Amino acid sequence: MSQLLHYSSIEQGHWSFYIVCSQDALCFVGSSPASLKEMTEWVSNHFSDAELIEDDKALDPFRKEFQSYLTKNKQHFTFDTQFLYGTDFQKKVWNALRTIPYGEQTTYGELAVSIGYSSKSARAVGTALKANPLLIVYPCHRVVPKTSLSKGFRGGLIMKEQLLALEDTSASLF
466 MSQLLHYSSI EQGHWSFYIV CSQDALCFVG SSPASLKEMT EWVSNHFSDA ELIEDDKALD
526 PFRKEFQSYL TKNKQHFTFD TQFLYGTDFQ KKVWNALRTI PYGEQTTYGE LAVSIGYSSK
586 SARAVGTALK ANPLLIVYPC HRVVPKTSLS KGFRGGLIMK EQLLALEDTS ASLF
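Start counting the sequence shown at 466; every next residue gets the next number (this note's numbering).
Rather than coming from a laboratory, the hints here were simulated on the basis of the structure.
For lysine to aspartate or glutamate, the following DMTMM-like pairs were computed, each having C-alpha atoms within a straight-line distance of at most 25 Å:
no., residue 1, residue 2
1, Lys529, Glu503
2, Lys595, Glu632
3, Lys522, Glu503
4, Lys556, Glu530
5, Lys557, Asp545
6, Lys556, Asp489
7, Lys537, Glu476
8, Lys595, Glu575
For clarity, every value in this text was computed on a predicted model and none was experimentally measured.
All chains, please: the whole structure from these sequences, using the hints.
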């Protein structure tokens with residue numbers, strides 16, 4: 466039996482990205498600007514038999530929360546999420562992201578320490594963040610390098626900078 470996934474796009478101001486849900490839980494948030502290719506590649510890389518259906522109506526509650534966040538009317542998401550894949554370490558890192566308060570930042574090393582690893586595990590944390598399927602909701606944009614040198618971000622460094630600015634943080638990655 467194939468995995469049924471519903472998707473929709475978010476359009477708010479200069480923001481544009483796709484979201485995907487499995488049953489009633491969000492399982493993917495794409496990069497901005499929106500890329501249908503990014504979403505379909507994510508599906509094909511993680512599911513051998515998924516059926517992807519566009520369904521704006523079913524995803525409207527998710528879309529509304531994102532629109533509220535992107536207009537600074539919401540700081541926390543209340544909908545259900547689901548990791549459909551990931552190692553135990555990745556899931557531990559991703560879940561720790563939800564503890565970083567809106568508008569605040571932490572370093573890769575500090576995040577490693579917060580989940581019981583040495584700060585020397587910063588690179589492994591960064592690798593896990595690169596695979597985060599739920600951008601924004603699991604706010605990997607709030608994790609910044611210890612030095613002023615910018616690091617990677619699945620959505621691109623411009624998107625990371627825009628998210629930090631949206632949350633009124635004062636960090637500059639460039």
